[in-house]
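Participant: Note that the protein sequences, when read in sequence, are chains A and B. Counting from 1, position 77 in the first sequence corresponds to residue 77 in our numbering; the numbering is continuous, with no gaps. Counting from 1, position 524 in the second sequence corresponds to residue 524 in our numbering; the numbering is continuous, with no gaps.
None of these hints come from the bench; they were simulated from the model. Hints should not be assumed to be uniformly reliable.
Said to hold, decoys possible - So the derived label-pair ranges between C-beta atoms look like this:
| id | chain 1 | residue 1 | chain 2 | residue 2 | range |
| --- | --- | --- | --- | --- | --- |
| 1 | B | E77 | A | V74 | 41 to 51 Å |
| 2 | B | P444 | A | K15 | 10 to 20 Å |
| 3 | B | R61 | A | E64 | 15 to 25 Å |
| 4 | B | H46 | A | A26 | 26 to 36 Å |
| 5 | B | E374 | A | A26 | 29 to 39 Å |
| 6 | A | K15 | B | A17 | 16 to 26 Å |
| 7 | B | G75 | A | E64 | 15 to 25 Å |
| 8 | A | E64 | B | I69 | 14 to 24 Å |
| 9 | B | G75 | A | V74 | 56 to 66 Å |
| 10 | A | A110 | B | A62 | 33 to 43 Å |
| 11 | A | A110 | B | G72 | 41 to 51 Å |
| 12 | A | A110 | B | F82 | 49 to 59 Å |
From the three backbone atoms N, C-alpha and C, an ideal C-beta is built for every residue, glycine too.
One-letter residues, chain by chain:
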Amino acid sequence: MTRPAGDVERHLPLKAVHHLVLLLLAEEPTYGVELLERLDERSEGRVRLNAGSLYRTIAHLTDEGLIEHAEAVVPPSGRGAPRKIYRPTELGLEVLRAETRRQAGLVEAARSLDLAGGTEP
Amino acid sequence: MNPPALIRWLLRLYPRAYRDRYGREMREVVGHRYATAEGRSRLLLHLEVAADLTWSAAVVRARRAGSWIAEGVRGAELDLRFVLRALRRSPGYAATALLTLAVAVGANAAVFSFVRGTLLHRPPYPEPDRVVLAWGSNPANGQVRDVVSGPNFVDLSRRAESVEALAAVHPGDAVVVEEGRPLSLGALDVSVDFLRVLGVSPALGRGFDDRDRTSSAPATAIVSQRFWRERLDGDPDAVGRALPINGEPHTILGVLPADFEFLGRPPVLLPLRDDELAADDRTHHHYWLVGRLAPGATAGAATTEMTGILREIAREDPGLSGWSVLVEPLTRVSVEAVRPVLWILGAATGLLLLVAVANLAGLFRIRSLGRADELAARVALGAGRRQVSRVLLLESGILGVAGGVLGLGVAWIALPWLSAMAPAAVPIPESAATVPVLRSSLDPWVGGGALLAAALAGVLLALPALPRALAARPLTGTGGSGRRVTGDARGTGSLVVAELAVATVLCLGAGLTLRSAENLVATDLGVETEGVLTMYVGAVDDRDASGRAAYFREVLTRVRAVPGVVGAGVNDYVPLQGEDDFEGVRFPDRPPPPPGRGIREEWRRVSEGLFAAAGMRVLEGRGLERREMEGPPSTAVVNEAFVRKHFGDEPVVGGRLSLSPEAYRDLEVVGIVADVRARGPAEPAPPVVYVPYQGEPRGNMALFVRVEGDPRAYVDPVREAVWSADPSQPIDRVFPMRAMADRALAIPRLTRSLVGALATMAVLVAAVGVFGIVGFRVGSRTREMGIRLALGATARRIRREVVVGAVPLVLIGVGVGLVAGVAAARAARSLLYGVSPQDLASLAIAALVVGALALTATWLPARRVSSIDPQEAIRSE
Numbered sequence: 001m002t003r004p005a006g007d008v009e010r011h012l013p014l015k016a017v018h019h020l021v022l023l024l025l026a027e028e029p030t031y032g033v034e035l036l037e038r039l040d041e042r043s044e045g046r047v048r049l050n051a052g053s054l055y056r057t058i059a060h061l062t063d064e065g066l067i068e069h070a071e072a073v074v075p076p077s078g079r080g081a082p083r084k085i086y087r088p089t090e091l092g093l094e095v096l097r098a099e100t101r102r103q104a105g106l107v108e109a110a111r112s113l114d115l116a117g118g119t120e121p
Numbered sequence: 001m002n003p004p005a006l007i008r009w010l011l012r013l014y015p016r017a018y019r020d021r022y023g024r025e026m027r028e029v030v031g032h033r034y035a036t037a038e039g040r041s042r043l044l045l046h047l048e049v050a051a052d053l054t055w056s057a058a059v060v061r062a063r064r065a066g067s068w069i070a071e072g073v074r075g076a077e078l079d080l081r082f083v084l085r086a087l088r089r090s091p092g093y094a095a096t097a098l099l100t101l102a103v104a105v106g107a108n109a110a111v112f113s114f115v116r117g118t119l120l121h122r123p124p125y126p127e128p129d130r131v132v133l134a135w136g137s138n139p140a141n142g143q144v145r146d147v148v149s150g151p152n153f154v155d156l157s158r159r160a161e162s163v164e165a166l167a168a169v170h171p172g173d174a175v176v177v178e179e180g181r182p183l184s185l186g187a188l189d190v191s192v193d194f195l196r197v198l199g200v201s202p203a204l205g206r207g208f209d210d211r212d213r214t215s216s217a218p219a220t221a222i223v224s225q226r227f228w229r230e231r232l233d234g235d236p237d238a239v240g241r242a243l244p245i246n247g248e249p250h251t252i253l254g255v256l257p258a259d260f261e262f263l264g265r266p267p268v269l270l271p272l273r274d275d276e277l278a279a280d281d282r283t284h285h286h287y288w289l290v291g292r293l294a295p296g297a298t299a300g301a302a303t304t305e306m307t308g309i310l311r312e313i314a315r316e317d318p319g320l321s322g323w324s325v326l327v328e329p330l331t332r333v334s335v336e337a338v339r340p341v342l343w344i345l346g347a348a349t350g351l352l353l354l355v356a357v358a359n360l361a362g363l364f365r366i367r368s369l370g371r372a373d374e375l376a377a378r379v380a381l382g383a384g385r386r387q388v389s390r391v392l393l394l395e396s397g398i399l400g401v402a403g404g405v406l407g408l409g410v411a412w413i414a415l416p417w418l419s420a421m422a423p424a425a426v427p428i429p430e431s432a433a434t435v436p437v438l439r440s441s442l443d444p445w446v447g448g449g450a451l452l453a454a455a456l457a458g459v460l461l462a463l464p465a466l467p468r469a470l471a472a473r474p475l476t477g478t479g480g481s482g483r484r485v486t487g488d489a490r491g492t493g494s495l496v497v498a499e500l501a502v503a504t505v506l507c508l509g510a511g512l513t514l515r516s517a518e519n520l521v522a523t524d525l526g527v528e529t530e531g532v533l534t535m536y537v538g539a540v541d542d543r544d545a546s547g548r549a550a551y552f553r554e555v556l557t558r559v560r561a562v563p564g565v566v567g568a569g570v571n572d573y574v575p576l577q578g579e580d581d582f583e584g585v586r587f588p589d590r591p592p593p594p595p596g597r598g599i600r601e602e603w604r605r606v607s608e609g610l611f612a613a614a615g616m617r618v619l620e621g622r623g624l625e626r627r628e629m630e631g632p633p634s635t636a637v638v639n640e641a642f643v644r645k646h647f648g649d650e651p652v653v654g655g656r657l658s659l660s661p662e663a664y665r666d667l668e669v670v671g672i673v674a675d676v677r678a679r680g681p682a683e684p685a686p687p688v689v690y691v692p693y694q695g696e697p698r699g700n701m702a703l704f705v706r707v708e709g710d711p712r713a714y715v716d717p718v719r720e721a722v723w724s725a726d727p728s729q730p731i732d733r734v735f736p737m738r739a740m741a742d743r744a745l746a747i748p749r750l751t752r753s754l755v756g757a758l759a760t761m762a763v764l765v766a767a768v769g770v771f772g773i774v775g776f777r778v779g780s781r782t783r784e785m786g787i788r789l790a791l792g793a794t795a796r797r798i799r800r801e802v803v804v805g806a807v808p809l810v811l812i813g814v815g816v817g818l819v820a821g822v823a824a825a826r827a828a829r830s831l832l833y834g835v836s837p838q839d840l841a842s843l844a845i846a847a848l849v850v851g852a853l854a855l856t857a858t859w860l861p862a863r864r865v866s867s868i869d870p871q872e873a874i875r876s877e
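Just chain A, same shape as in the assembly (with noise of 0.2 Å):
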């Protein structure tokens, strides 16, 4: 079933942060305190969220439909409870797409007026 342009349209462009957090759980599914540890280490510590921040972006998302979250794991250490496991929607993976290719739109426009710098092979 193919859906309409408009909804995957409707939620661009993404934020940085909501490009980031989308393209993390598309590499890899995965619960809160991993998505801040991976978020600190991918963004070089230039994107820092703590709690309140974090879960805006991720209750953001939710409602948006752009993920959601699988069924709860046991943590590894088996103490705790269950975690939930965020993961991208459907829509959550083609406005993913939409997106890079957007940017990837405005990578090319930049190169060909040469603003791309030294990174021509």
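Given the coordinates of chain A, assemble chain B onto it according to the supplied hints.
Facilitator: Only chain B this time, still in chain A's reference frame:
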């Protein structure tokens, strides 16, 4: 490092649902941040985490509120459409609720605007509560609110410290010439400090001041704004102009503000000079006093102080013994006559509101029960109970607001009618002063309050019906609903009883006020009201007694010659207007009374032919004759009240009496005339001595003309005849005697009409309520009736059962209403005239009217249900 308690507490800032969803994970993340924060500043970490949690909580809450509002607006729009559709489907219900509210809100807004405009009217003076009237009072002689003499006024104003300023006031006359004819406009003669007492400054020019205190000062006047606009063309340079008033040029000193009022709206103020006031006879009571209380002083303190001053004066002048001063706030005294009537009206409208409230409560309840199935279906289809409640409350709220708006329309239409029915002026009880009744308009506060109350009533009255409506279950909401609804409807019986009881109270009240008013209308006023024309003529105060008498003698001769005039006479005043005029009375053949116990009675100077012209019956002896109108007066006629008070069983005709004025010493009583209700039909006639006028005639007298046919047809010929005696003399207050009587009866008639109208509305509203409730109860038994009809019961029997079933409710309602009504009437006994609170006829009529209407309202649904096809009835549910 573990997060401190404060940080964990900050999680509580999030909405509960959010906490349920993410709280545990957030705590874990916070814990992780603290666990991996080795080497960082603790304080910075606390601040960073706290700021993040707080800001995020604020953003989450703001988003939720925003979405609630958006959702609320969307939901409200849908609900509104649903409610309007539902109301369109039940036009009978909607119309009944709207009409009930419109009637109740309209009547209340109109009456309370009237009450607020009249009872709570604040005269346009600064600190009006400090403005007081000071009366001469001699209760032992029956004079409670009497006038005060000039010298006493001067002494009181100089010595009393409880008043900042005191002024003497007397209704006077301002005769101006218009189109060549003298026109009497009426004026207020006031002492110099009058405007200072009221705290009023003229809009143009100046008020009276020290330059106007003595009689050597030039003649001056202050005119009303209307006078200035209409007679001086609103000329801004009018101040300083000379204007002929009472035949003498008066310099216009100032123009009063547009809203100026004092016991009416006097067109002209003329100054009373201090030296003339001081030189007057101390026992010649003549002026009302108006004062402004000193800061902190009370009317009671002023009464005590001024009475003390008067007692001191009385030590030197025994003629003043027994006199005291009564000081009362103007704002209180001026509404004394109308206050009880307005309370009655307020109570009657309040009762109407009660009937309407009971009616609406019943209607809403029936409505919610009748929609049980529909509501149950809505709940079954996923509508939450909150949404169903919202729809029900929205519906009753919309009806409330719409009914309120309609009610304001009703009030807007009713108020001018109400104002027109009210008398133009009412007397201040026990005094000769009158106050105008103000024309009311719809008060914005009352209107706004009524609208709010209607909307609130809509919502609040629907609340009790909610639990039942919400208790409807999809499965029980269908099928056997008939029985359940009947059970629920049983509570509506008490509403029927309440409505009928209140309607009965109002009906009884209406009956009693109707009978009181009829008794008042039927009261023998002692004067003929048909075929008599009255008017005040002359302003001949500047002539001596014989000159004045000659003028009135000439007027009488000319008027009697007018074709169609049967007779004519003059009197000091036209009765029924609260006028009074007292003089000392002595009986030469009796021992003189002790000082301070002197008799003062009303006296009237009259001409021959007055009794016949005014229709006053001579009961014994004879009236005054033409020959007695020449030379010093030697005869007098007294009325029945005078005989009762001073003669008892002693022979009257042939007795002797003396009056204080020099010209009226040693008079022989030659006859007794019937009492005239001078102060109105409800007030007993005061004792009066009638004497020939020529001894000391007033400069302005009341002319009574008895005519054949309609007195209004004689206005012009009689006026021409009066002017033929002296074209420079004014004529004013020309009225048929009938109009005077009608004015005197205006308040009882107003009460009768309004209470009657309110009672009619209450009975109709109650009947509609009974019809609705009984109709619903009967309707919910349609299936049962159908089965019984199918099993052979006759329609007649079914009808009878329904009607008879309602009889206990009607009997209880009417019974409770009668008992409460009699109790209320006893409390308001002073407003009844010639009828007892437990008047049998009124009780019977109230019971019959309410009972008959209630049973008719029962019979109509009974007829409907008994005439349906049994098969259809069984299928109907």
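Participant: Could you tell me which of the hints above the structure violates, numbers in ascending order?
Facilitator: 2, 5 and 9
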